[in-house]
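> Read off the chains here:
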Amino acid sequence: MLLYLLQQETSSTELRTECAVVLGSLAMGTENNVKSLLDCHIIPALLQGLLSPDLKFIEACLRCLRTIFISPVTPEDLLYTDATVISHLMALLSRSRYTQEYICQIFSHCCKLHHWHSCGFNSLPQPLLCANGPDHQTILFNHGAVQNIAHLLVSTSYKVRMQALKCFSVLAFENPQVSMTLVNVSVDGELLPQIFVKMLQRDKPIEMQLTSAKCLTSMCRAGAIRTDDPCIVLKTLPCLVRMCSKDRLLEERVEGAETLAYLIETDVELQRMASITDHLIVMLADYFKYPSSVSAITDIKRLDHDLKHAHELRQAAFKLYASLGANDEDIRKKIIETENMMDRIVNGLSESSIKVRLAAVRCLHSLSRSVQQLRTSFQDHAVWKPLMKVLQNAPNEILVVASSTLCNLLLEFSPSKEPILESGAIELLCSLTQSENLALRVNGIWALMNMAFQAEQKIKSDILRGLSTEQLFQLLSDSDVNVLMKTLGLLRNLLSTRPHIDHIMSTHGKQIMQAVTLILEGEHNIEVKEQTLCILANIADGTTAKELIMTNDDILQKIKYYMSHSNAKLQLAAMFCISNLIWNEEEGSQERQDKLRDMGVVDILHKLSQSSDPNLCDKAKTALQQYLA
Amino acid sequence: MATATPAGAGSPHGGDAAPPGPPEEQELSRRLTPLPRSWSPKDKYNYIGLSQGNLRVHYKGHGKNHKDAASVRATHPIPAACGIYYFEVKIVTQCLGMCGWQLGWDKHSYGYHGDDGHSFCSSGTGQPYGPTFTTGDVIGCCVNLINNTCFYTKNGHSLGKFVFLPSQSNLYPTVGLQTPGEIVDANFGQQPFVFDIEDYMREWRAKIQSTIKRFPIGDRLGEWQAMLQNMVSSYLVHHGYCSTATAFARVTDTTIQEEQTSIKNRQRIQKLVLAGRVGEAIEATQQLYPGLLEHNPNLLFMLKCRQFVEMVNGTDSEVRCFSARSPRSQDSYPGSPSLSPRHGSSNSHLHSTGADSPTCSNGVMSTKSKQSHSKYPTLSSSSSSSSSSSPSSVNYSESNSTDSTKSQQHSSTSNQETREYYDALFLGTKLSHYTDAFGSHDSEMEMEAEHYPNGVLENSSTRIMNGTYKHEEILQTDESSMEDSCPQRQLCGGNHAATERMIQFGRELQILSEQLCREYGKNTMHKKMLQDAFSLLAYSDPWNCPVGQQLDPIQREPVCAALNSAILESQNLPKQPPLMLALGQASECLRLMARVGLGSCSFARVDDYLH
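Heads up: the protein sequence lines correspond to chains U and C, in order. Quick note, the first sequence lines up with residues 1 to 629 if you use the UniProt record's numbering. Quick note, the second sequence lines up with residues 1 to 611 if you use the UniProt record's numbering.
Bound-form chain U, shown alone:
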């Protein structure tokens, strides 16, 4: 009924305004209210109302729209169904301080990123942005949002300033295009970064400080502001650290920690500075102490609230620890020395909340880059146990980080390697290599590669069996060069020490030789070819395996070809093969030397001994000596 009246062109503007006001009040109620309003197609009706000439009516419609759009049940896309809506809203921005406030608020709530939940962590390849046409940021940007909203940052109304600022924080988030534009926009002769810095001042409301820090963070991550710029180092970073303090509200602490994690994620200098600022590492430990008192079970609502906040706090702290410890060994040490840190991570790995589990794994991943920690605290806390658990049936998002962590735990010096193997890691990793997700394939094969490094015969056989030759070939023909490289690395690790080489080649020789031929013939980059030649060199080191090469003229010709290749690395790798084949003390070396001489290898060796590259030169001379003996 109200909607009908609202839409009636014939009803008086006063009446229609009242309708919009009442509808707005209804929308303020429960989520169900909003849902039923949406079912009645209230949004098109209100958008229609915006075309009215009457400002009061427009304001009432905008207010109601604002209330509806900030509700979590409203799909943001509803704003973008009609292309003219955005430009009309942009035009309305000049009408009054209320239109400014409401429109900015609508924009900042209707500009969600598709991969918002990843919250800035893109250090791992994650093609999460699904391509549904241009995203909201781009649409708003193309409608001149930056120019239209910039001057609102100096509005006399606090609410307008604040909403405009929020709008920018959302527009610029992970958006280099917007960020690069913002840095050059000026209002009243002041550049936007300067305006943002002013909004960071400590006597400004916390909300304003935090939001402008988010803007500056986005601009910094997009490369629009250098990471060593004083406005980042001396203003944004300290401000975000302050947001993590116990004095701040729970929401502010969460947002502050997440934003700071994003800011410092890839810059070791910022990580170092954050780590010494205001005892941040110790301060973050407080994030795990909420709620301080367990509320009575009867108070379900309170319990739920506490739990939600506790989760949010914990995942934010884990994220920030992950960023802090990403690069610097000393910082990692400080983090691990924080009270009960490893226990907290271990507990975090088995949390019910996916968000917390993910963040805990990230943190563990970051810390697992430390050789020392792998040997000590990781072992002391048997971190591998919960980690292996996480790897069972976890969503891909978690699997990617967890398997990446597992890679580190499987490094040969890690004492966790043994127990992980015993708990059935090979099977798990082999299944990962079959995943649709590229990152998982890389991590799976990577982990296997680490596992095979200097491993005993049984493990190697287990890996080969678990992977199956078909899968191995599948991986060798993977479109991703990373997968290919790691698979070759795995092969190389498998084919080390003479008895292993002979054993494996006796069982899989044919297939491996085929694969090698295929890759050497294919269009691959230098690194791939080098790695392949190294595999050949390893095969040539075997006792019986040698024959597989010597009887394969095709391969021999290829080795010869690479000896004269323009790339010194490939030349060197090919030289290793030759050396191994013609090595004197071994059985049958004479025939091999003769065969290769007939192929013209010795001439090439003579040429190479004159090479300007000392490595090549040495290697060629040593090889020639084998012929003389």
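Worth flagging that the hints you see were computed from the coordinates, not collected in a lab. Misleading hints may appear alongside valid ones.
Unchecked claim - Below, a list of computed lysine to aspartate or glutamate pairs in the DMTMM-like style, where the Cα atoms sit at most 20 Å apart:
id : chain 1 : residue 1 : chain 2 : residue 2
1  : U       : K198      : C       : E508
2  : C       : K161      : U       : D278
3  : U       : K204      : C       : E514
4  : U       : K458      : U       : D502
5  : U       : K204      : C       : D199
6  : U       : K289      : U       : D304
7  : C       : K161      : U       : D247
8  : C       : K161      : U       : D286
9  : C       : K161      : C       : D196
10 : U       : K198      : C       : D196
11 : U       : K204      : C       : E198
12 : C       : K213      : U       : D203
As the list claims (entries may be wrong) - Estimated spans, in silico, between C-beta atoms of each pair:
id : chain 1 : residue 1 : chain 2 : residue 2 : range
13 : U       : T156      : C       : P128      : 45 to 51 Å
14 : U       : S423      : C       : P128      : 55 to 61 Å
15 : C       : F215      : U       : G223      : 45 to 51 Å
To be verified - Taking beta-carbon pairs under 10 Å as the criterion, some of the chain C residues facing chain U (in silico):
id : residue
16 : P131
17 : N155
18 : G156
19 : S158
20 : L159
21 : R205
22 : A206
23 : K207
24 : T211
25 : K213
Where is the CB? At the ideal position from N, CA and C, for every residue including glycine.
Starting from the structure of chain U, add chain C where the hints point.
Structure of chain C alone, referenced to chain U:
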């Protein structure tokens, strides 16, 4: 050595957290509580060398073991009243020493050591605190005396606060060195700091101001409002702003305790005193408040002394009449202290018509206040006939009534403002704020508002409490008119008869003094007053003699205030307006806080609430 020059203090990056204020006040506080601005050449070990204006410290010992460690402290301790203190030290070469501040003796020192990054609190064993520091680093130390915390900074980054124990002892910025060749440069605010201390101070200023704003005033808002209105009203009444007070009462729907006529009477008497016509004031008091002066012999004596001084000055009516320029005075005051018939006859009239009354027509007075309002030329009227004074007094009441209409016009905004002020106000400071909101259309009141801070800050608190700041405008005009009328400033206006009258009055005064002495015992104050007053006659030019300042019109103020207070007291009304009492209390509270070392006083200032 040019180290502790105030030049550094004046820089915008001054290390001291001294709040911004009038320069003279800053200067004053600097003299009373000097901030540490350089290392002390006296308080240092022998191994320490100072240079570059006592800002650079270098180590010249052999530095073999811990015993060779040496330190130097600043010239002054950190004054608690400064609220937040900050200084920085740049490590010029290879410092592995310590940097900290001390409580004056080693037992209570707090330090941050560069070699291990540990902090030391009054003991030899440190706790892990921050990173290590070395050549090229700038280490800062911030002492927050508001919440008793301290934090160090490294290259502009705060390293985390810790709490220290408040102590009665003084805190000194200190630096310690231990290795030969070590050099550190201090920055006590002479140069911009690396750390953004301004921002930190902004936060604390905002914090303290919001504490004041959010100070709980009880849940019964209505009572609070009534109290505020009462305070404003009583202030207006106290100083006799009759029309404004009436308008205020009408708007706020409150009642005024004192009758309007009574207010006007007091106003009149005060104006007489302030104009130097003490004799008339005494008469008026005796007439309107019989018995008052008889019961206050000390007050009476004070008034009489002043009257004598004014006679010397030539302003008192008893001598003025001899100048034959004021016919009204002439026939009213033939030298007799008795009531003039005119006054007596107009008594009833006065009650009914108030401002219109010819008794109010002290030409000098009304025109003078008039002058400050509408800038009429008043010199002629001040010494002319009584007829000319009448219109001017009417004028005066008109100006008052415009005030009241303005008040009404503004009452809606006033109310709105009031609402905001309720949130914003705090103790007496809040009240004066409120007054401003209401009285800002009243030029007279506006001027007074400008006067309080002066009173508060520069003079003793008694002066504020007495609330006599308002008369300077009158005095100024008075002075100018006086100078005009007697350009060479002769004794008693240069009139012989007047001089004789003065001498006779002096004798009477002497007798009164002796009489009081007999009745109440010796009073040294009286004796001093009398002596000072009589001394004036010993000089050929009393205005330029050692006791000449008595003739300064400003000296009328305490007398006037004492009289006003006495009258109010006799009417069972408070002798001081509650508003001024509260204001004085707030200022005194801040002073007390500074004395006992509560740092927050530096960010809370009464002036901030007196716009």
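> Need the list of violated hint numbers for this structure, in ascending order.
1, 3, 14, 24 and 25
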